[in-house]
Amino acid sequence: MHEREGTPLTFSRPIANSMDAALEVEQSANAGPDALIERARQGSVEAFERLYRENVGRVYALCLRLSGDVPSAEELTQDVFVLAWRKLASFRGESAFSTWLHRLTVNLVLGRRRSDTRRGNRILLAEDLAIFDDGSSRRFDPAARIDLETAMTTLPEAARTVFVMHELEGYTHDEIGRMTGRAEGTCKALLHRARKLLRQRLER
Amino acid sequence: MRKTCDWCRESFDDHLDDRLPGRERALLEAHLSECAGCRQDLAAAVRLRAAARALPQAIDPPRDLWSGIAERIEQSPREQRVPHVRGIRFTPSWRRWAPLAAAAVLLIAVSSGLTMALLRGPSTGAAGAAGGAPVPGAAAPIDFAAFEPIESEYRTTVAALQAELAARHDSLDPVTVRVIETNLLIIDQAIAEARRALAADPSSAHLPLHLSDIYRKKVELLRSAAQIRI
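Chains as they are written, first to last, in the numbering used here: chain S, 1 to 204; chain V, 1001 to 1230.
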């Protein structure tokens, strides 16, 4: 291969051009959830809305059960998706998007409570658990027949949290303790209290 | 040793999850055989768990929440949102990559100057090394061997950056990893072609510049990858 002085070097395949063209490789908008997530990561609000519609039911259910009331659940749900939009760059695809979103939801809801937690982490006696009856739950009408979903909303917040996280979401007491800032023994005691209260309210 | 009712109730979860050690399971079962209250409590816990797990995983909100979300995300800056550069996202957070990447920047600057000095020939001396403009049409034959130290520096820096990238491989987004690896493959092919061409025509005035340019792209690509937030 020879060059003539004063003329640009040429090859049978221009190295620079093909390389530059190849380096322009973009993620094509292929069909599938990966492509949808990638488009959302690149700033597509339409793609993110689709992700919202596919996942809002799961997020809202968790927010409703943890908060115990609809207005709080709606606000928390919106907060989760706004946070997800902001943090989408950190989603690495190692788990399903719904799993990542679920974790985000748990962390957001429980994280807001941790700063309000002023209880100690010691193992509580049964009578101590009354301090968790903070009146945040809906007023319970013993005369009304209620289903489990409704009964959960009448639980004190701490007991409801442990019940939802353990019995519905499958977290261990150790994990719940770390997320809520409570000792594992406290979480077990709270779960026992939740079961006792639910049993009272469901078996009337 | 007999167990109390409180101990038994606290053991229900481990028992239901089949995580109770053998000895404690035996103690629990012994207590249950004697305590009707705990048997009822365990049965109730089983029923309650079954009912809880039968609840729907998703519940539709009573109203559409999207409009409120859309309004907020339009006003909300994304965390670490940076321009999309050739399929790779990068952030300013360097952490431990900073010294290595800084060395890469210095290498690029120094080698560019050296490459230009080589192309101008030995007579330009300090002026050429300082980055003065080459005289048109006056490109002197170059000694490819003189380019080899520059190439060696590039290779050393590239090897170090690639080792760091390999160490972070599992922490990076798989899509990003594929883009990086594809681009690295293309660059390596270009390097191989340019070296073959230079070996065949060591007197070429442009090939060292092209090869240096390709190496520079490789270093820049690896530097960009180094800045990707994990």
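A few of these clues could be false.
Distance condition first, Cα-Cα at most 20 angstroms in a straight line; then the derived DMTMM-like pairs of lysine to aspartate or glutamate [unchecked claim]:
| id | chain 1 | residue 1 | chain 2 | residue 2 |
| --- | --- | --- | --- | --- |
| 1 | S | K87 | V | E1071 |
| 2 | S | K87 | S | E149 |
| 3 | S | K196 | V | D1014 |
| 4 | V | K1003 | V | D1041 |
| 5 | S | K196 | V | D1041 |
| 6 | S | K196 | V | E1010 |
So these bits of chain V aren't anywhere near chain S, every CB distance computed over 10 angstroms [what the hints assert, rightly or not]:
| id | residue |
| --- | --- |
| 7 | K1003 |
| 8 | R1009 |
| 9 | L1020 |
| 10 | R1023 |
| 11 | L1027 |
| 12 | L1028 |
| 13 | H1031 |
| 14 | L1032 |
| 15 | A1044 |
| 16 | R1049 |
| 17 | W1066 |
| 18 | R1072 |
| 19 | E1148 |
| 20 | S1152 |
| 21 | R1155 |
| 22 | A1159 |
The hints are simulated quantities; they were obtained by calculation from the structure and are not laboratory data.
Just so it is clear, CB atoms sit at the ideal spot from N, CA and C, and this is done for glycine as well.
Hints and how they fare:
| no. | hint | result |
| --- | --- | --- |
| 1 | K87(S) with E1071(V) | holds (17 angstroms) |
| 2 | K87(S) with E149(S) | violated (31 angstroms) |
| 3 | K196(S) with D1014(V) | holds (18 angstroms) |
| 4 | K1003(V) with D1041(V) | holds (15 angstroms) |
| 5 | K196(S) with D1041(V) | holds (8 angstroms) |
| 6 | K196(S) with E1010(V) | holds (13 angstroms) |
| 7 | K1003 | holds (15 angstroms) |
| 8 | R1009 | violated (5 angstroms) |
| 9 | L1020 | holds (13 angstroms) |
| 10 | R1023 | holds (19 angstroms) |
| 11 | L1027 | holds (17 angstroms) |
| 12 | L1028 | holds (14 angstroms) |
| 13 | H1031 | holds (16 angstroms) |
| 14 | L1032 | holds (16 angstroms) |
| 15 | A1044 | violated (5 angstroms) |
| 16 | R1049 | violated (6 angstroms) |
| 17 | W1066 | violated (6 angstroms) |
| 18 | R1072 | violated (5 angstroms) |
| 19 | E1148 | holds (20 angstroms) |
| 20 | S1152 | holds (21 angstroms) |
| 21 | R1155 | holds (18 angstroms) |
| 22 | A1159 | holds (21 angstroms) |
Hint compliance for this structure: hints 2, 8, 15, 16, 17 and 18 are broken, all remaining hints hold.
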